[in-house]
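Just need the whole structure built from these sequences, with the hints factored in.
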Amino acid sequence: MSQPPADAATSRRGFLTAVGLGAAAAVGGGAVAGCGRRTTSQGAATNADEVFAVLPKYTAIELLKPDIPGEGAIPNGYLRYPAQLGQAIPTKAGSNGTVVKTMSAYWGPTPPGLGRNSFLDAINAELGVTVNPSVQDGNGYADKLSAILGARDVPDLLSAPSWEIDKIPRFSQAVKALFADLTSFLKGDAIDAYPMLGTLPTAAWQYAVWGGRIAAVPFPSDGPFPWALFYRKDLADKAGVAAPATIDELYHFGKTMTDPGRGVWAFGNVFDMVQMFFKCPHAKGGWRKKAGGGLEFKYEIPEYRQALEFTARLYSDGFVHPDIVASKGGDAAQLFNAGKMIAYEDGLGAWRGTQSEQTKVTPGFNMQPMPIFSAVGGQPLAWGGAEPIFYTFVKRGLGKDRTEELLRVLNWCAAPFGCREYELGSYGVEGKHFTRAADNSPIPTDLGRREVAGQYTSLGGRVPAVVGTADVPTFVQDLLGYLRTTIKFLEPDLFAGIKLELPANYSRVLVPTEDRINDVLRGRRPIGDLQHIVDEWRATGGDEGRAFLEKTLANNGR
Amino acid sequence: MSPRRSLRARLRADWPLLVMTAPAALILLVFHYVPTLGNVIAFQDYNPFEGNNPLEAFVHSDWIGFGNFETLFQDSAFWDAVRNTLSITLFQLVFFFPLPIVLAILLNSVASPKLRSFIQGVVYLPHFFSWVLVITFFVQMLGGAGLLAQEMRRHSIHEWNIMTNPHAFLVLVTSEAVWKDVGWGTIVFLAALAAIDPTLYEAAAVDGAGKGRRLWHITLPGLRPVIVLLLILRLGDALSVGFEQYILQREAVGRQAAEVLDTFVYYQAIIPQQWGVGAAAGLFKAVVGLVLVLTANKVAHMLGEQGVYAKG
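So the sequences go chain by chain: A and B.
Going by my numbering, the first sequence opens with residue 1, and the numbers climb by one from there.
Going by my numbering, the second sequence opens with residue 1, and the numbers climb by one from there.
Where hints are given, some of them may not hold.
Unchecked claim - Sample of chain A residues facing chain B (criterion: CB under 8 Å; computed from the structure):
id, residue
1, Asp-143
2, Lys-144
3, Gly-150
4, Val-154
5, Pro-512
6, Gly-528
Rather than coming from a laboratory, the hints here were simulated on the basis of the structure.
Even glycine gets a Cβ: it sits at the ideal position worked out from N, Cα and C.
Here is the structure:
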């Protein structure tokens with residue numbers, strides 16, 4: 001079915017002739033070749049020292065002493081929920097009840113909107129402004145973002161996941177045209193007006209700088225890893241299968257756990273994790289330094305091809321759930337919870353909520369991340385980085401007072417664990433959205449589960465903390481244990497501290513190329529096509545991206 | 001022709017009609033004619049973030065001539081999409097288009113009005129289901145974890161998964177479309193059948209014409225203007241085969257089988273914000289559609305049919 005690009009020009013002419021447009025093809029073809037100019041595309045990078053010059057001052061905060069102190073990228077751990085919570089922010093964010101429109105991503109059912117949601121009412125009363133959130137499905141968030149940015153129709157506060165931003169060409173221009181410059185409000189000591197924002201780590205703020213100015217408030221990551229390979233330990237134990245420690249064992253895991261007769265398949269999407277096992281690089285999407293100088297992308301290295309071959313085999317041998325094969329993975333969590341799918345990759349953020357919810361439904365439900373390993377010898381490699389999870393942008397042109405009010409809202413959202421504001425923003429009102437367990441920890445009620453969807457917590461990041469609660473008694477130890485074991489293998493970030501705005505052509509080819517690789521993964525194109533796909537990627541933007549990144553590294557003396 | 005009346009006199013006489021058509025005309029103007037001006041971005045390196053508002057963005061964006069068309073025509077994915085779209089159109093022209101006609105004739109021959117309206121109710125209903133529902137239904141029935149596959153496994157027959165087979169995609173989407181819309185498609189034909197003078201049938205029967213003869217010499221000629229009209233309109237839409245149906249199943253069978261022009265524009269132009277290229281694809285589609293409609297209409301006139309509009 002595939003058609004090499006070289007044939008495209010001839011088939012175009014052939015096609016137009018076929019529909020009786022031969023003359024038009026001849027004339028149009030000439031014009032096309034003659035006076036056409038391709039769309040432009042440039043990247044931009046802010047060097048590490050320029051970024052440093054505009055950063056806000058950092059002020060540490062410790063409302064509570066952690067039981068397991070954090071370290072670098074590992075968050076503080078609290079084994080117990082505190083009995084007493086103090087107030088961290090004495091004043092209200094606003095007083096006239098003005099409406100603040102927001103948009104944020106959520107991976108779960110859409111909550112009721114303003115006017116039908118008592119959780120929003122409770123927090124808006126506390127804030128003194130009426131936040132009217134638009135909560136969008138996280139899986140399709142890039143589509144929504146593209147549409148509203150293109151239409152220049154952005155809400156007062158817009159939260160955008162960092163991984164989606166790389167896919168949007170001209171994002172830096174969008175930032176300039178649509179979002180407020182927050183530098184004068186937040187730079188240096190100015191941030192004292194928003195003390196909670198001042199507690200966010202400097203490493204996260206570094207990324208919130210576009211074109212030499214602070215353009216967003218970051219949501220710091222609570223762990224450096226984008227993916228974990230989760231599996232149903234309860235079901236694997238029952239089948240007598242241990243967590244795989246080699247790539248062959250992973251294959252064997254798939255073979256043993258798949259039982260189509262019972263409607264059970266071993267895997268959902270696992271390709272990113274398999275790439276990690278094969279030690280493909282991940283810096284800014286997958287770049288690493290080449291032995292002879294210069295950069296190479298993961299598509300171009302043999303490890304990637306091996307990972308692709310391995311995963312394609314999981315598909316062709318029928319270890320992947322057919323519903324996942326037939327979709328983009330929307331129902332993965334549901335299949336996993338129902339025990340129809342045993343292992344799949346997801347962010348570590350999915351762990352707590354799922355474990356807490358499913359313990360009630362399925363006694364013994366035990367979701368655990370598989371320890372990582374190397375499929376190509378040596379130490380394993382863990383993808384990761386200090387890039388924030390979300391950025392929250394403030395709409396441009398709202399005036400100084402309004403911008404300050406919005407920043408006060410974000411300040412409220414940034415109140416860390418250990419104060420009343422945090423509890424209210426994360427769980428809602430006691431007795432209504434949550435009840436307290438014997439150890440004081442909040443347990444969401446059904447109303448809470450329905451109405452709370454990160455409407456406030458996604459807007460502002462907080463000092464990362466992991467807190468033990470009665471519904472997931474071993475979670476803190478499990479998560480911190482995983483982070484500690486895995487962080488030893490963290491891939492060093494080539495571009496740390498440099499703010500990159502990738503060339504438009506490079507951003508543009510990412511999704512179409514992934515699409516083509518997906519065809520290979522699912523056996524619709526032979527593995528031999530990979531070279532062809534990679535050549536096309538290089539020609540249409542890949543090499544441009546490489547040149548830009550190489551130059552940036554050179555400018556930063558790396 | 002009556003002598004031309006003054007504008008004022010005509011306004012006075014026809015104002016209720018004008019008022020009635022005004023909303024439709026306004027909608028047409030606002031949602032069809034004004035956006036047509038946006039086609040200029042097909043010739044621009046359109047950057048929505050130039051200037052202070054969307055209008056200034058038009059003015060400030062660079063003019064790049066046919067650059068977007070060049071990008072488009074050199075993209076193999078575009079030609080994949082054109083080919084898929086045309087295959088689907090042609091396939092459905094042969095295997096879908098005649099079915100509502102057949103069904104309408106069958107329905108028309110059901111004597112009991114009660115039974116007829118019951119059947120009509122049943123076959124109209126799927127039209128009101130969304131594509132999400134229709135495809136979910138097909139997946140639950142025919143998918144790899146669906147009823148059929150489960151049953152086949154139970155009887156140790158090697159299951160075959162039609163939902164993820166790119167080679168069967170054409171048949172699959174046509175079956176879905178037939179299931180959803182064949183009943184709805186009969187409405188126009190039933191109306192046309194009702195307009196055929198029953199005395200013609202009586203006269204033919206008296207002259208000794210059997211069922212087949214009456215179908216051939218009365219029913220089909222009676223339907224011919226409607227069939228030709230719908231055929232021409234369908235040709236004009238040759239490059240649009242729908243959007244949701246394909247975007248929902250694209251992941252299952254892959255881009256190469258399921259990418260049609262509309263999903264191409266969505267994935268290659270709207271998502272990566274290549275607005276100019278998207279507009280160029282849209283313009284290409286519109287021009288081809290226009291040419292097809294005019295050509296088909298001309299052919300219809302040559303064959304003595306009325307076509308979309310009467311010959312001036």
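Taking the hints in turn, this is what the structure says about them:
no., hint, result
1, Asp-143, "holds, 6 Å"
2, Lys-144, "violated, 11 Å"
3, Gly-150, "holds, 5 Å"
4, Val-154, "violated, 11 Å"
5, Pro-512, "holds, 6 Å"
6, Gly-528, "violated, 15 Å"
The earlier numbered hints that this structure contradicts are 2, 4, 6.
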